[in-house]
Amino acid sequence: MVTTLPRPGVAAPAGPPAAAPAVETPPAYRGFTSWLTTVDHKRIGLLYGTTAFIFFLIGGLEALAIRMQLSSPDNTFVSPQVYNELFTMHGTTMIFLVVMPLSVALFNYIVPLQIGARDVAFPRLNAFSYWTFLFGSIFLMSSMFVDGLPDAGWYGYAPLTTRQFSPDTRIDFWALTLQVLGVASMAGAFNFLVTIINMRCPGMSLMRMPLFTWNTFVVSFLIVLAFPAITVALILLTFDRLVGTTFYYAPAGGDPLLWQHLFWIFGHPEVYILILPAFGVVSEVLPVFARKPLFGYPFVVYATVGIGFIGFGVWAHHMFTTGLGPIANSFFAASTMLIAIPTGVKILNWIATLWGGSIRFTTASMFSIALVSQFTIGGLSGVMHSVVPVDLHHNDSYFVVAHFHYVLFGGAIFGLFSGLYFWWPKMTGRLLNETLGRWHFWLWFVGFNTTFGVMHFLGVDGMARRTWTYSAYQGWGMWNMIATVGAFMMAVGTLVFLYNAIRSLRHGEVAGEDPWDGATLEWTIPSPPPVYNFAVEPTVRSRDPFWLLKRRPQAVEAEDDTARISILGKNVAVAEVEEEHPTEERVEERVATGDIHLPNPSFFPMITALGLTLAAAGLVYGIPLSVVGLVYLLVGIGGWCLEPTG
Amino acid sequence: MHTTTGLDHRKLLMWLFLGSDCMFFGSLIGTYMAYRGRSLSGPLPSEVFDIPYTSVSAFVLLMSSLTMVLALAAIQAGDQRRLRIWLITTALLGMSFLGGQFYEFNYFVHEGLGLSTNLFGSSFFVLTGFHGTHVAIGVLWLLYLTAASRFGRLNAEQALYVEIAGLYWHFVDIVWIVIFTLVYLLP
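Sequence order for the protein chains is A and B.
Residues in the first sequence are numbered consecutively from 1, following the working numbering.
Residues in the second sequence are numbered consecutively from 647, following the working numbering.
Please note that the accuracy of each hint is not assured.
[To be verified] To list a few chain A residues with every Cβ distance to chain B over 10 Å, as calculated:
(1) 190
(2) 457
(3) 635
(4) 640
[Unchecked claim] Each pair of labels, with its calculated beta carbon distance range:
(5) B:664 / A:469: 31 to 37 Å
(6) B:664 / A:331: 28 to 34 Å
(7) A:148 / B:684: 40 to 46 Å
(8) B:753 / A:243: 55 to 61 Å
(9) A:627 / B:827: 35 to 41 Å
(10) A:553 / B:779: 54 to 60 Å
FYI, nobody ran anything at the bench for these hints, they're computed from the structure.
Beta carbons are placed, not taken as given, at the ideal position from N, Cα and C, and that holds for glycine.
Make a model of the complete structure from these sequences and hints.
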């Protein structure tokens with residue numbers, strides 16, 4: 001795949017073109033190796049999605065073990081120590097190893113297609129992001145073979161996490177992993193920001209951008225601006241633990257509240273990092289299945305941006321019980337109520353999109369509609385927490401657990417699975433079975449409300465979160481048993497989905513390029529898309545370009561004779577000789593002639609990611625490993641800089 | 647090369663990175679400010695700071711921004727020799743700053759202020775240490791660019807590489823102005 005033409009949107013590589021490259025151009029890898037070296041955003045998206053789904057199963061098993069333990073009073077299904085590890089790992093896994101990477105999987109696969117680009121701005125940085133995520137996760141899991149899994153809760157409050165109370169290496173694993181995962185998230189977010197700002201196809205102004213891309217844009221800003229706060233919080237924690245500083249050690253003047261402030265300055269934007277991708281999915285899915293353009297597009301865009309801004313000013317509502325004083329409490333109570341307004345605007349717009357629409361109930365649209373209702377419940381209990389006296393009562397009770405599962409499962413996970421059902425045919429070329437999809441949906445919907453609905457009652461009745469067990473006289477046995485039954489319903493639903501997914505890959509109905517009558521550019525190209533996405537750069541003239549073309553082709557043609565060709569993303573002259581799924585030879589031929597230019601595959605992102613993770617791992621496994629890691633890191637960065645980018 | 651905004655991808659990436667780095671230093675400076683005057687034992691800032699000394703090293707670092715601009719002007723004018731002179735000068739000024747910081751840290755340790763002596767020591771060394779690391783990375787970057795120019799791999803069309811390194815360098819200087827003001831000058 002060597003050619004001297006620059007790839008689209010990227011300048012010529014460093015050095016005069018005539019000079020011999022310092023590193024040989026890698027060959028076009030095939031089979032397994034091609035997955036290790038891939039820089040194709042679609043393949044990286046699939047890698048991200050598959051890995052995140054495996055962690056989803058692991059995090060789900062942890063949840064089932066928690067529910068087993070709580071199903072009856074005075075239970076000893078697991079020990080208190082194992083219970084601590086379970087809820088810590090369940091939270092850490094679901095947030096950092098499931099919801100974020102699952103969102104990134106969709107960003108990767110869909111955003112370049114929606115904006116009519118061939119790839120992201122920095123394909124190798126994208127691969128680096130995935131490998132860092134994978135190696136970082138493996139590093140975290142490896143803690144179980146040393147002292148044990150982390151056990152201080154997913155937000156790791158000091159002073160519990162300091163040496164004094166957590167003397168072994170569990171917390172070091174946790175802190176260092178979050179640093180490594182932070183690098184992965186930031187690398188991905190920088191990439192999407194540059195891609196969305198700089199690689200939109202002609203005519204795709206910001207206010208014509210699909211809502212999923214808009215949400216990716218805002219989420220990426222949140223990631224690059226919020227993660228530095230937790231980076232610093234974790235650096236200080238690591239210094240406290242490994243060097244003996246006293247940032248969080250009260251007897252020496254340090255203040256554990258500093259951890260809470262820094263953590264939640266990251267942590268609350270993080271909540272929106274988790275939910276906005278799902279909002280983006282819903283804003284794509286509902287219009288398609290209501291067969292109506294999104295109601296009030298500009299309002300939804302501004303609401304998204306507004307949520308991003310206000311999201312940085314509400315963090316202390318996680319800290320009302322720490323005694324910040326009436327002025328701080330009032331400010332954060334008010335800002336928390338304020339952020340409900342743009343969120344409410346979105347809910348209203350989604351309902352108004354459905355209103356008067358010709359709704360098709362598919363699994364994708366049902367998950368989206370479920371998000372609108374379930375997130376509203378979780379959002380309203382969130383507004384309850386903005387009222388300080390009420391929050392003092394709810395704090396650290398199961399009411400809070402109910403609240404954040406309604407927004408994270410009923411919101412984020414329902415939304416992401418809606419996106420999965422929606423874009424699955426685009427990714428695999430085959431449809432998921434709708435009957436099995438209904439089973440999945442209803443098992444999840446009923447199971448979810450069974451599990452988390454009753455937790456509202458348990459919480460108000462005083463059941464504290466993170467406690468290993470409770471006594472029979474407290475009267476919580478029946479409600480907890482109901483919650484556990486619901487959890488197992490969700491587990492069955494997950495198995496139904498797994499069966500559906502595996503079955504679809506082989507026997508699913510062939511989808512064709514546009515199974516849902518989609519509105520956006522990704523539906524104009526074959527499923528799965530060819531490696532180069534668009535043979536010809538598309539041009540858009542409206543917010544829903546594919547609908548305009550399908551509904552009123554004469555309007556498009558009247559404006560411009562070539563519009564039909566370019567909107568479809570296909571050059572007619574090419575399409576005449578090209579099959580529906582172009583053969584590899586045909587692509588190679590077009591690549592060789594410079595008609596299509598693709599970035600070279602590369603091993604260096606993986607080597608760099610491995611080096612970074614090993615360098616961090618050395619702080620617990622021993623400094624020699626860090627040295628090895630640094631060598632890998634230098635080799636990786638050196639090769640990265642010197643190899644021809646294609 | 648065509649991009650939607652007309653900006654180069656890499657230049658845009660550097661601007662976004664600097665925005666993110668603002669939050670990084672913001673958090674570190676915030677930590678320092680939160681712990682100001684809360685050390686339970688000495689040495690305290692007033693006992694160890696030598697403001698005239700640090701003013702000189704701050705001046706040295708600020709001057710390196712001037713030479714960085716001259717380096718960029720040189721490559722844009724196609725003058726490779728002048729480019730290398732100014733890049734080397736910038737790197738040397740950066741190294742002088744780092745040398746000054748090394749000497750200052752040594753002096754503090756000699757006076758009994760270590761990383762874990764008190765809150766002032768912890769927050770001071772972590773904040774200025776991370777700033778020093780940024781300067782050190784910048785120096786390595788400048789030396790790399792100098793070598794690239796020496797071996798004919800940095801022609802006038804690639805002035806962008808010098809410009810991006812310059813963005814980073816100026817940012818690190820600006821952060822020092824903030825640190826110097828808040829940490830050293832504020833009574």
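Hint-by-hint comparison with the structure:
no. : hint                      : verdict
1   : 190                       : violated (6 Å)
2   : 457                       : holds (40 Å)
3   : 635                       : holds (16 Å)
4   : 640                       : holds (13 Å)
5   : B:664 / A:469: 31 to 37 Å : violated (51 Å)
6   : B:664 / A:331: 28 to 34 Å : holds (29 Å)
7   : A:148 / B:684: 40 to 46 Å : violated (35 Å)
8   : B:753 / A:243: 55 to 61 Å : violated (20 Å)
9   : A:627 / B:827: 35 to 41 Å : holds (38 Å)
10  : A:553 / B:779: 54 to 60 Å : holds (59 Å)
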